[in-house]
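Undergrad: Sequence:
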Amino acid sequence: MTPTADTDTPLNEIKLLETFLSQIPKNMVEAHERRMLANYFTCSNMAVNIHCLERLVCELHSPQSVTMPLEANVLSIIVNKIITNDYVPFDTKLKITRAIEEGRKSRCDAYKCETLEGYKSLRRLQ
1082 MTPTADTDTP LNEIKLLETF LSQIPKNMVE AHERRMLANY FTCSNMAVNI
1132 HCLERLVCEL HSPQSVTMPL EANVLSIIVN KIITNDYVPF DTKLKITRAI
1182 EEGRKSRCDA YKCETLEGYK SLRRLQ
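To convert, take the position in the sequence shown, counting from 1, and add 1081; that gives the working numbering.
Don't take every hint at face value.
Unchecked claim - What follows is a set of in silico ranges between Cβ atoms, one per label pair, in the way DEER data are often shown:
#	residue 1	residue 2	range
1	Pro-1091	Asn-1161	43 to 53 Å
2	Thr-1165	Leu-1097	28 to 38 Å
3	Ala-1191	Thr-1090	41 to 51 Å
4	Pro-1106	Lys-1193	38 to 48 Å
5	Arg-1115	Ser-1146	24 to 34 Å
6	Thr-1100	Lys-1186	46 to 56 Å
7	Lys-1193	Val-1155	18 to 28 Å
8	Pro-1091	Ala-1191	36 to 46 Å
9	Arg-1188	Phe-1101	40 to 50 Å
10	Leu-1097	Thr-1196	28 to 38 Å
11	Glu-1152	Glu-1182	35 to 45 Å
12	Glu-1195	Glu-1111	31 to 41 Å
13	Val-1155	Thr-1090	21 to 31 Å
Claimed, not checked - Simulated crosslink set (BS3-like; lysine-lysine; CA at most 25 Å straight-line):
#	residue 1	residue 2
14	Lys-1162	Lys-1176
15	Lys-1162	Lys-1174
16	Lys-1193	Lys-1176
17	Lys-1193	Lys-1162
18	Lys-1186	Lys-1162
19	Lys-1176	Lys-1186
20	Lys-1107	Lys-1162
21	Lys-1193	Lys-1174
22	Lys-1174	Lys-1186
23	Lys-1107	Lys-1096
No wet-lab data here; the hints were simulated from the structure. Even glycine gets a Cβ: it sits at the ideal position worked out from N, Cα and C.
Hey, can you work out the whole structure from these sequences and the hints?
TA: Here it is in structure tokens:
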């Protein structure tokens, strides 16, 4: 299908995708979604090098958390999707679960992530 005046705007593209997805059985969409997340997680090497994700999860569950409510909600959704995904390796789920436990004890410094260190410094200045 070539783009037309009716389908080349973002809103029309979203409507087209919604129509397409509404015709696919829900269980197929959910299974495909889980596989895509697991593939992204594995192919991006995040399953092996998840230090920043561990740090984020730890900070989120720390009593001293400075995470904004919207950020916390989004991160909670992402973490839940990873932990409940049948295709994500068990050891990855275990690392995330341990990070949650360490966060509750306010022991997040064990998880090194340069990106987050810079971000936290900027937030303190605001």
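Undergrad: All hints are to be evaluated individually against the structure, with a verdict given for each.
TA: Hint-by-hint comparison with the structure:
1. Pro-1091 to Asn-1161: 43 to 53 Å: 28 Å, violated
2. Thr-1165 to Leu-1097: 28 to 38 Å: 29 Å, holds
3. Ala-1191 to Thr-1090: 41 to 51 Å: The hinted range 41 to 51 Å holds for Ala-1191 and Thr-1090, with Cβ atoms some 48 Å apart.
4. Pro-1106 to Lys-1193: 38 to 48 Å: 44 Å, holds
5. Arg-1115 to Ser-1146: 24 to 34 Å: 28 Å, holds
6. Thr-1100 to Lys-1186: 46 to 56 Å: 49 Å, holds
7. Lys-1193 to Val-1155: 18 to 28 Å: Since the Cβ atoms of Lys-1193 and Val-1155 sit about 23 Å apart, the hinted range of 18 to 28 Å holds.
8. Pro-1091 to Ala-1191: 36 to 46 Å: The hinted range 36 to 46 Å holds for Pro-1091 and Ala-1191, with Cβ atoms some 42 Å apart.
9. Arg-1188 to Phe-1101: 40 to 50 Å: 46 Å, holds
10. Leu-1097 to Thr-1196: 28 to 38 Å: 36 Å, holds
11. Glu-1152 to Glu-1182: 35 to 45 Å: 21 Å Cβ-Cβ, so the 35 to 45 Å window is violated.
12. Glu-1195 to Glu-1111: 31 to 41 Å: With a Cβ separation near 35 Å, Glu-1195 and Glu-1111 satisfy 31 to 41 Å, so the hint holds.
13. Val-1155 to Thr-1090: 21 to 31 Å: 27 Å, holds
14. Lys-1162 to Lys-1176: 15 Å, holds
15. Lys-1162 to Lys-1174: 11 Å, holds
16. Lys-1193 to Lys-1176: Answer holds: Lys-1193 to Lys-1176 is near 14 Å, not above 25 Å.
17. Lys-1193 to Lys-1162: 23 Å, holds
18. Lys-1186 to Lys-1162: 24 Å, holds
19. Lys-1176 to Lys-1186: 15 Å, holds
20. Lys-1107 to Lys-1162: 17 Å, holds
21. Lys-1193 to Lys-1174: 18 Å, holds
22. Lys-1174 to Lys-1186: Measuring from Cα to Cα gives roughly 19 Å; hence the hint holds.
23. Lys-1107 to Lys-1096: 17 Å, holds
Against the hints set out earlier in the document, violations occur for numbers 1, 11.
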